[in-house]
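Visitor: Here is what each chain is made of, one letter per residue.
2 protein chains.
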Amino acid sequence: MHTLDGSVVRDQGVTAPLGFRAAGMAAGIKASGRPDLALVFNEGPDYTAAGVFTRNKVKAAPVQWSQQVLTTGRLRAVVLNSGGANACTGPDGFGDTHATAEAVASALSNWGTETGAIEVAVCSTGLIGDRLPMDKLLPGVTAIVRDMAGGLSGGTDAAHAIMTTDTVPKQVAVHHTAGWNVGGMAKGAGMLAPSLATMLVVITTDAKVDAAALDSALRAATARTFDRLDVDGSCSTNDTVLLLSSGASDIEPDADAFAAAVFAACDDLAEQLMADAEGATKRILVTVTGAHSDDDAVTVARTVARDSLVKTALFGSDPNWGRVLAAVGMAPVELDPDAITIDFNGHVVSRNGCGVAGAREVDLSGTDIVVTVDLAVGSGRATIRTTDLSHGYVEENSAYSS
Amino acid sequence: MHTLDGSVVRDQGVTAPLGFRAAGMAAGIKASGRPDLALVFNEGPDYTAAGVFTRNKVKAAPVQWSQQVLTTGRLRAVVLNSGGANACTGPDGFGDTHATAEAVASALSNWGTETGAIEVAVCSTGLIGDRLPMDKLLPGVTAIVRDMAGGLSGGTDAAHAIMTTDTVPKQVAVHHTAGWNVGGMAKGAGMLAPSLATMLVVITTDAKVDAAALDSALRAATARTFDRLDVDGSCSTNDTVLLLSSGASDIEPDADAFAAAVFAACDDLAEQLMADAEGATKRILVTVTGAHSDDDAVTVARTVARDSLVKTALFGSDPNWGRVLAAVGMAPVELDPDAITIDFNGHVVSRNGCGVAGAREVDLSGTDIVVTVDLAVGSGRATIRTTDLSHGYVEENSAYSS
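Chains as they are written, first to last, in this note's numbering: chain A, 391 to 792; chain B, 391 to 792.
Note that these hints are calculated values from the structure, not bench results. Please note that the accuracy of each hint is not assured.
Heads up, the list lumps identical chains together, so a pair's fine if it works in one copy or across two of them.
Computed list of lysine to any residue pairs in SDA-like fashion (alpha-carbon distance at most 20 angstroms, straight line) [stated by the list, open to error]:
no.	residue 1	residue 2
1	LYS526	GLY680
2	LYS526	ALA416
3	LYS598	PRO529
4	LYS447	ASN742
5	LYS526	MET415
6	LYS598	ARG536
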């Protein structure tokens, strides 16, 4: 991985790069009256774009639409709503997404930028199964195009408008020393969790990068960041990560440097998503080393990170390494149970498959817990970010339909 | 599946068949002083036996021992302890298991039945990672052989002594009209959950059945009962299911009738395990129909049964069918999202991938919830038993090392 040559800041988002405007507003989609509609607009001169989408076979209408749109490798705008996922809504729901893209294209054309619906990606998040209130959404689209602002405030407004159970907006900007920039915003509380907890991410850049290079940088970055954030093993019907380039800096970046900047932006947003996960009281890194391959390491780390008994033990600050070892033993990879070493926060708690003296006294009372599992059969390694399984998680996901 | 020709009762256990004695006692392994040692003894004349064990690659010492013993297809006795899993304890822990089997063999030989350690299976359950207090366990073994009783009380004492977080002992007996019997006991609170929640099952019969037929009946029964009980997706280091035949009825059963009786005993014990699962407030059956194959149906049902968002919604009595559909979409099988029908307690809530009117008003406030998912692409079907994800589950698994 190329080292990042630049700085990462969190108080700037999608409008940090040149050539982007954004806005956020309350269109009345949410009954609460909170902001629920966002727009990210690319002023050009380039309009290259790439996207990655949920692997769930049940895909929401906006995902089906945006996947089609992205086959062109080109985007002029992204419209995002909270307050409804528009998932499992059938052909009528797909018609609503199409109508939303048409409305954005029409409003942008009226505003002076000739735009087609095929240049507009749509993202939605909220409860699965209900139709969107189009009587609120379509007038909102007309209004939000008028509200679009350059500068940083438009990006911040957009980051607020996509929040659901998020407690804070999530933004990031990377300023590369060569003069080009990457910006981004994300929502999601609980990684890849259906309904309310969908993950939506929009990344922007003013570097001049063609669609194929955007696609490869985005796939490489998401595979090592969002794909390795695993709060509850669920994967939403609506998860979407988009990357848009305006080329407005007029600088063609080194490919490795660009990939490193996109990775840094995604990595920082993934960190922010973990920290704000539904009901989490612990931020947990599960690192697996010594696997036969990096893929094996991911598999083992994910198995540990998803284990309810590990997650409840860590909620209780209990250094219960036996549950970690038992979870490792269920991972579908080749391993030698008698060679495994487990470490909590830098203290070895189990070596060669047996506990070590003092293991039950390791202090896990802090917010951050690092679990390291050395399989000692190879050199593959990977880290998964996760959280604990707390009363708050149960409360948030049982107390109301979400 | 052959229909069961006989009766199933729950107040009798491993001593219901002829030719078995059992006992349970407090040997001082548990700090609480509660019963923690059990013995099941086969008086013969036959000693055929079979076993199935955890699929976890991290196997406790007693599992490693009992797997070796079972290669002979013969067992004279099973000794079981709660209060310690003897898992992840290395060669010394294996030595403890071996010493336990030797002590049982020696005590039985002194009592008048010449027995070798190779005829004694060992099962342990409790916290992973600690050595067993052999100074308590070995004298206990000598004492329990003296305590062995025929009749039903010995079986009931044994069923009590293997309990950990179980709130009730679990026993079953099947009396076949042809004159032979099957009996059984189980412990486990939370299916296949490491440490405290290990599942241990001993099934006995007085039917004359050779080891190969025992093995095939046991594997067929466990595949459709214990393997389809999935409380939290975890699989213990110690899970063990044993089947012993005394042949004392002197009746050779019809193979199908015997398989049906073993299935009925396992199915009833699985039902009892689900009802007593840690922190559960709901008993949930997830049935998948219309899959390409029964295996696909199991995969989909298991994916739904393990989904934390589905389990928390059902804890909240929330008919959130969108979460079920999203979970189905993550199952690694071929399916058509637009053909799926979902039913809660007999009410269709989603048809062809869309919600139906009134779906959000279905009453799930009762203890039993039946979720049926029709994939409509084939004729495969399967049912998984599970429970909700409750505050009680989090409490029980976080509040102390277990």
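Visitor: Look at each hint and say if it fits the structure.
Guide: Cross-check of the supplied hints:
For a Cα distance limit of 20 angstroms, the shortest separation of LYS526 from GLY680 qualifies neither inside one copy, at 54 angstroms, nor across copies, at 39 angstroms. Proximity of LYS526 to ALA416 under the C-alpha cut-off of 20 angstroms is restricted to the intra-copy arrangement: shortest distance 10 angstroms within a copy versus 69 angstroms between copies. For the homomeric pair LYS598 and PRO529, neither the shortest alpha-carbon distance inside one copy (34 angstroms) nor that between copies (79 angstroms) is at most 20 angstroms. For a Cα distance limit of 20 angstroms, the shortest separation of LYS447 from ASN742 across copies, 14 angstroms, qualifies, whereas the shortest one inside one copy, 41 angstroms, does not.
For the homomeric pair LYS526 and MET415, the shortest alpha-carbon distance inside one copy (12 angstroms) is at most 20 angstroms, but the shortest distance between copies (70 angstroms) is not. With identical chains, the CA atoms of LYS598 and ARG536 are never at most 20 angstroms apart, being 27 angstroms at best within one copy and 85 angstroms at best between copies.
When each numbered hint is compared with the structure, violations occur for hints 1, 3 and 6.
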